[in-house]
Amino acid sequence: MVREVSESCVDSLLTEMVACYCNRFYANKPELAARRIEAIGYQVGHQLSERYTMERPRFTDHLEAIKFICKDFWSELFKKQIDNLKTNHRGTFVLQDNKFRWLARMSVDPSIDNASSVEDNSAPTPENKAAQAMSMHLYFPCGIIRGALSNLGIPCAVSADISNLPACSFVVRIKA
Amino acid sequence: MIVCVAVVGHQNNPLYIQSFTEADDALKLHHIVHCSLDVVDERVNNPKKSGPMLNETFLGLLYPIENYKVYGYLTNTKVKFILVTTDLDVKDADVRNFFRRFHAAYVDAVSNPFHVPGKKITSRTFAERVSTIVKSFGFSSAG
Amino acid sequence: MARVAPRTGDAIFANVERVNAELFTLTYGAVVRQLLTDLEEVEEVNKQLDQMGYNIGIRLIDEFLAKSNVSRCNDFRETTDVIAKVGFKMFLGVTASVTNWDADGTCCSIVLEDNPLVDFVELPDNCQGLYYCNILSGVIRGALDMVSMKTEVTWLRDVLRGDDVFELQVKLLKHVPEEYPYKDDE
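Chains as they are written, first to last, in our numbering: chain A, 1 to 176; chain B, 1001 to 1143; chain C, 2001 to 2186.
The following block holds chain A by itself, in its conformation from the complex (with noise of 0.2 Å):
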């Protein structure tokens, strides 16, 4: 039987880990935080990478590597697929999620809402913090894009794109 914990713990963690290396560690230096959650993010990647692809078959090129990533693996971690891949047939995919789990869930996460807790008052506005927190957020994911395809034998950079909220896209550009 697989082992599972209640969605909070994991969703309470990475809010954490954000606000940890966001607000306490490089207040200052969002770009250092970044790199930080972003090195968390490949390790996790690396190591499910290989938990995940235990019974399978080896990939034969690229692409089939990224369907993987699309399908099985993100299957493993947010219970649906990857809703759309696009590729320029020159080493760049984007994946899209329409409804990006760990966003709609943020959106509901009071720190950000600005409900009960602690807030800072001299802070920007929600607005301009909450997209913030969002895009920090997001080096997590890419992160563990990145490292389960350099796990796989795939050297890249991993980016998002939240310009069409609630979905998030994942561009992928392989280094040749």
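Bear in mind the hints are in silico, worked out from the structure with no lab data behind them. Some hints could be false.
What the hints assert, rightly or not - Capping the alpha-carbon separation at 16 Å, the derived lysine to aspartate or glutamate pairs in EDC-like fashion look like this: (1) A:LYS29 to C:ASP2038; (2) B:LYS1028 to B:GLU1066; (3) C:LYS2067 to C:GLU2017; (4) B:LYS1119 to B:ASP1108; (5) B:LYS1120 to C:GLU2122; (6) A:LYS99 to A:ASP83; (7) A:LYS80 to A:GLU7; (8) C:LYS2171 to C:ASP2145; (9) A:LYS80 to C:GLU2017; (10) C:LYS2171 to C:ASP2104; (11) B:LYS1078 to A:GLU55; (12) C:LYS2174 to C:ASP2145; (13) C:LYS2174 to C:ASP2075; (14) B:LYS1078 to A:ASP61; (15) C:LYS2171 to C:GLU2078; (16) A:LYS79 to C:GLU2017; (17) C:LYS2067 to A:GLU7; (18) C:LYS2171 to C:GLU2152; (19) B:LYS1078 to B:ASP1041; (20) B:LYS1078 to B:GLU1042; (21) C:LYS2150 to C:ASP2075.
Nothing here was measured: the structure is a model prediction, and the numbers come from that model.
Starting from the structure of chain A, add chains B and C where the hints point.
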């Protein structure tokens, strides 16, 4: 009887190698493992030879040498597992079963947050699990 | 009539949204590893994990009270019992037990035999001072703080250090019964 097992990284860097013989033939076994890596590379890079099992992780018998048989396995993450045995009539299912359990042990070992990818596996838990799997080789069913 | 606290969290756990524990376990491991890299001192990492746990605990208590249907109880004994039997099950899917009560009922141990945080974990030799699961003690302290119980939570036993179980000692320092003072201010 299994006399040696090894885990080798994607740059042919040894990550774990353990022999299980009383005799002082560790060097010889290491040499056999080393030579088998070329066979693995050749198999994987010349798909015609391997035919229908092109992408299967289990590579089967790599080569027989003197009194040994050498089997190989290649994960999706390009990590090689090598098994050296003195049994001459080995059941394919037993070897597959061995690699399946060995792979599970390996995956758990590299899931340790303190394990550094590409570095040697020093985990005691892994060593114990491997030893158990090695001891039960040939006794378990294919399931 | 006071609501009766559920005796176990099984039913609640069956009804909450759940995810593959591996993601949680590996993420926590990666966080600990990254903190060790960034903070260098094991002591600092212990402190930071406890702080993270505290921040999580003060938020998680609301979800806990809402989903468990537990009314805010003022009794320390009852509260720790509910945390162990319902709280751990509801969030981590494991059951903890409460033992070693002292005579005046202000100090006890929460014992955990199974702990998803440490699946796959082996402490390296240079991290022997690390309380790997220190986030848990922070969560308990934070949650209890929100129901007006100031506590001190310390590890007595740790499987990663060779013990057979995890044992957290919870000591009640100060209990401020809720009096709703703001009612009169308005």
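Status of the hints after comparison with the structure:
With a CA separation close to 14 Å, the supplied pair A:LYS29 and C:ASP2038 stays within the 16 Å bound. With a C-alpha separation of about 12 Å, the suggested pairing of B:LYS1028 with B:GLU1066 holds against the 16 Å cut-off. A C-alpha spacing of about 12 Å is found between C:LYS2067 and C:GLU2017, which places the hinted pair at or below 16 Å, so the restraint holds. The straight-line distance between the Cα atoms of B:LYS1119 and B:ASP1108 is roughly 15 Å, inside the 16 Å bound, and the hint therefore holds.
Taking the CA atoms of B:LYS1120 and C:GLU2122, the gap is about 14 Å. The hint holds against a cut of 16 Å. Restraint check for A:LYS99 and A:ASP83: satisfied, since their Cα atoms lie roughly 9 Å apart, inside the 16 Å limit. Distance hint between A:LYS80 and A:GLU7 is fulfilled; the C-alpha atoms sit about 15 Å from each other, no more than 16 Å. Using a Cα cut-off of 16 Å, the hinted pair C:LYS2171 and C:ASP2145 holds, with the two alpha carbons roughly 12 Å apart.
With a C-alpha separation of about 14 Å, the suggested pair A:LYS80 and C:GLU2017 falls inside the 16 Å cut-off, and the hint holds. Our distance criterion of 16 Å between C-alpha atoms is met by C:LYS2171 and C:ASP2104, whose separation comes to about 11 Å. For the suggested pair B:LYS1078 and A:GLU55, the alpha carbons sit about 14 Å apart, so the restraint of at most 16 Å is met. Pair hint C:LYS2174 plus C:ASP2145 holds up; C-alpha atoms about 10 Å apart against a cutoff of 16 Å.
A hinted pair counts as satisfied when its Cα atoms are at most 16 Å apart, and C:LYS2174 with C:ASP2075 qualifies at roughly 12 Å. Pair hint B:LYS1078 plus A:ASP61 holds up; C-alpha atoms about 13 Å apart against a cutoff of 16 Å. In summary, the hint linking C:LYS2171 to C:GLU2078 is supported, as the alpha carbons are separated by about 14 Å, within the 16 Å threshold. With a CA separation close to 11 Å, the supplied pair A:LYS79 and C:GLU2017 stays within the 16 Å bound.
Distance restraint check for C:LYS2067 and A:GLU7: the Cα-Cα separation of roughly 14 Å lies within the 16 Å cut-off, and the hinted pair is therefore satisfied. About 5 Å separates the Cα atoms of C:LYS2171 and C:GLU2152, which keeps this hinted pair within 16 Å; it holds. A hinted pair counts as satisfied when its Cα atoms are at most 16 Å apart, and B:LYS1078 with B:ASP1041 qualifies at roughly 10 Å. Between the alpha carbons of B:LYS1078 and B:GLU1042 the distance comes to roughly 14 Å, so the proposed pair stays at or under 16 Å and holds.
Distance restraint check for C:LYS2150 and C:ASP2075: the Cα-Cα separation of roughly 13 Å lies within the 16 Å cut-off, and the hinted pair is therefore satisfied.
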